[in-house]
Amino acid sequence: MKRDLSYEGVMARKNQIMIAAVGIDYSEFEEGPLSFDYEGMMRRAGYSLDEVQRIQAETGVGNTPLYELRNITNVVRQYAAPGYGARILLKDEACNPSGSFKARRAAVSVYHAKRNGYKGVIAATSGNYGAAVASQAAMRGLACIVVQEVYDSNRIGQPEILEKGRACEAYGADVIQLSVGPELFYVFLRLLEETGYFNASLYTPFGIAGIETLGYELAGQVRQKTGRSPDVVVVTHAGGGNVTGTARGLRKAGCASTQVVGVSVDLQGLHMASDRDFNRKSFTTGHTGFGVPFTTWPDRADVPRNAARPLRYLDRYLGVTQGEVFYVTEALAQIEGLERGPAGNVSLAAAMSIAAELDRDQIVVVQETEYTGAGKHPMAQLTFASENGVIVKRGDPRVQKPGESIIIPEHPEQISATELPLDALRRSYLRNAVESLEADALEHSDLKYLCEETSASLEFVRQVLCELGVNTQ
Amino acid sequence: MSEAAKQGDWVQIHSTVLRPEERAPQVPADTKKVPLEMWQKGYALTAARIGEQIQIRTVTGRVVTGELVSINPRYDHGFGRPVESVLAIGQELRALLEREAAPK
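As you go down the protein sequences, you meet chains A and B in turn. Going by numbering that gives the first Met the number 0, the first sequence opens with residue 0, and the numbers climb by one from there. Going by numbering that gives the first Met the number 0, the second sequence opens with residue 0, and the numbers climb by one from there.
FYI, nobody ran anything at the bench for these hints, they're computed from the structure. Idealized CB from N, CA, C, for every residue including glycine. Treat the hints with caution; some may be incorrect.
As the list claims (entries may be wrong) - Some chain B residues well away from chain A (every beta-carbon gap over 10 Å; in silico):
#1 Ser1
#2 Glu2
#3 Ala3
#4 Lys5
#5 Gln6
#6 Gly7
#7 Asp8
#8 Asp29
#9 Leu44
#10 Ile49
#11 Gly50
#12 Val58
#13 Glu66
#14 Asn71
#15 Ala101
Stated by the list, open to error - Here are some of the chain B residues that sit facing chain A, going by a computed Cβ distance under 8 Å:
#16 Leu17
#17 Glu21
#18 Arg22
#19 Thr30
#20 Leu35
#21 Glu36
#22 Gln39
#23 Ile70
#24 Pro72
#25 His76
#26 Arg93
#27 Leu96
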């Protein structure tokens, strides 16, 4: 019988395609109407920290340098209150084989694919993850397909994504470029079905386990350098894997009191699936367009149960503006001598803001950088923004409007991250959970699960569920 | 006469994946007005002129068909122009640091 290749036909086979392409039967971790055994999934389907370290060492991933940003710290101390201005450290993840921390995720996924006899891997990503999977696949001798969302309907490509596509091709990948739209997932499913390749999803237990080494290494390096554990680790937040993996690694290293702060570029008001808005943003990742929806409902991912569950790990979630990130990217090159890509510097902008609130002897760690180059360079992005009618000027970064203006600060003191209150995200998560509920009532395991998911008290969860009209007695 | 690809040339093809009326229900209005389009690269299996349908073999061995849009496609993304709003940042920060380092 001929397979139905229509959109509806393929989407209807989603679950069976995914089971074959990921090799995990997620149903064995399901519990109540909402809950599933998250830690059980991470333990049984993932890899231990020791195994991940060994896998990553085989392909030269990890053990990236940790720099102290003395000049940026000194800049912050000029305007911070007397005695304030924490030391800012930065983990240079751009030193990974494909130029970003994504090599850590890809290393484990590609290893797993190879070990399980898959001939190739496919990743649906417009970001650094594509190059990471392509690079790891090249090292382990697997074929690689990367599916990207690149062009608007005028066939104008986002420069950052064009560069990432080029990098994937440089590592020997078969790159499929698409115009704007969430139906990328349909193309992705068709390819998985047609090729029988492994789905190197960003959100499997393997991928997340791969990032745990980042948090773990970082803790050791900070202790060695400064004699204390990091006070704050600032993480650029999009799909949630970076936050989840880093925080789990920190916990495994015994950093019980380290604060984990997620940061996204504020792109509120721009629709991520809009043909018009697509080329009016200057960041294709690390922004609120992924950060907020994935925090408030992780299971919107391309696997049935997302291993990245950021609300479990976030102590704070901050927003920064595009202009602030371009400013700190330039500062990092000009006074620290490190030319890196803007998307990896989202957390650096927030780190400057946080450092000004902390004592001088405290430690703030920016846990990643990414490579830069044609397309994914501040000048390339700002030139492109101007060409697309976005106003680029200096002034107060707060008055910017995503898609209309990018305001580059006039002074570093203007860099000031905005709090995105976690309780509002928790409420939003619980609303999404209730909407997904097919049963009439929750089971006891669900309540416990929702507390873990939102890292909130039973009282808070009960109160919100009650407001949403759900009986919890 | 338009440019032509020979068999074995490295080329790029274009095809339409979903017509506007076939697009997913959750797609916003502006995106729904346009088709979902796809571009792929590979080796030409036959000769063809730009605009003609052609079969190619991609680097993973997939054989796919589409309209020939480019022969030996170039990468044309670049570093942009120096942007005035960013150019001064380095000098300003160096001046700030020098002021701090100067003997009081």
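### Message
So alanine 101 of chain B supposedly isn't at the interface. Is its beta-carbon more than 10 Å from every beta-carbon in chain A?
### Response
holds, 12 Å
### Separation of aspartate 8 of chain B from chain A, once the least beta-carbon distance is taken, above 10 Å
Answer for aspartate 8 of chain B: holds, closest chain A Cβ roughly 16 Å.
### Query
leucine 44 of chain B clear of chain A by more than 10 Å, beta carbon to beta carbon?
holds, 16 Å
### Task
Double-check threonine 30 of chain B for me: the hint is only fine if its C-beta lies closer than 8 Å to a C-beta in chain A.
holds, 4 Å
### Task
Using Cβ atoms only, decide whether arginine 22 of chain B comes closer than 8 Å to chain A, and label the hint accordingly.
Hint holds; arginine 22 of chain B Cβ to chain A Cβ min 7 Å, cut 8 Å.
### Message
Given glutamate 21 of chain B as an interface hint, is its Cβ closer than 8 Å to any Cβ of chain A?
### Response
holds, 6 Å
### Status of the stated non-contact between glutamate 66 of chain B and chain A (beta carbon gap over 10 Å)
Glutamate 66 of chain B is indeed farther than 10 Å from all Cβ atoms of chain A, at 13 Å.
### Evaluation of the interface hint that places histidine 76 of chain B against chain A, nearest CB under 8 Å
holds, 4 Å
### Query
Minimum Cβ distance from arginine 93 of chain B to chain A below 8 Å?
Since chain A brings a Cβ to about 7 Å from arginine 93 of chain B, closer than 8 Å, the hint holds.
### Task
Compute the least Cβ-Cβ separation between alanine 3 of chain B and chain A, then decide whether it is above 10 Å.
Nearest chain A Cβ is 22 Å from alanine 3 of chain B, so the label holds.
### Message
At 10 Å, judged by beta carbons, does asparagine 71 of chain B keep clear of chain A as stated?
### Response
Its Cβ never comes within 10 Å of chain A, the nearest being 13 Å, so this holds.
### Query
Is the Cβ of serine 1 of chain B more than 10 Å away from each Cβ in chain A?
holds, 18 Å
Of the numbered hints given earlier, the model fails hints 8, 12, 23, 24; all others are met.
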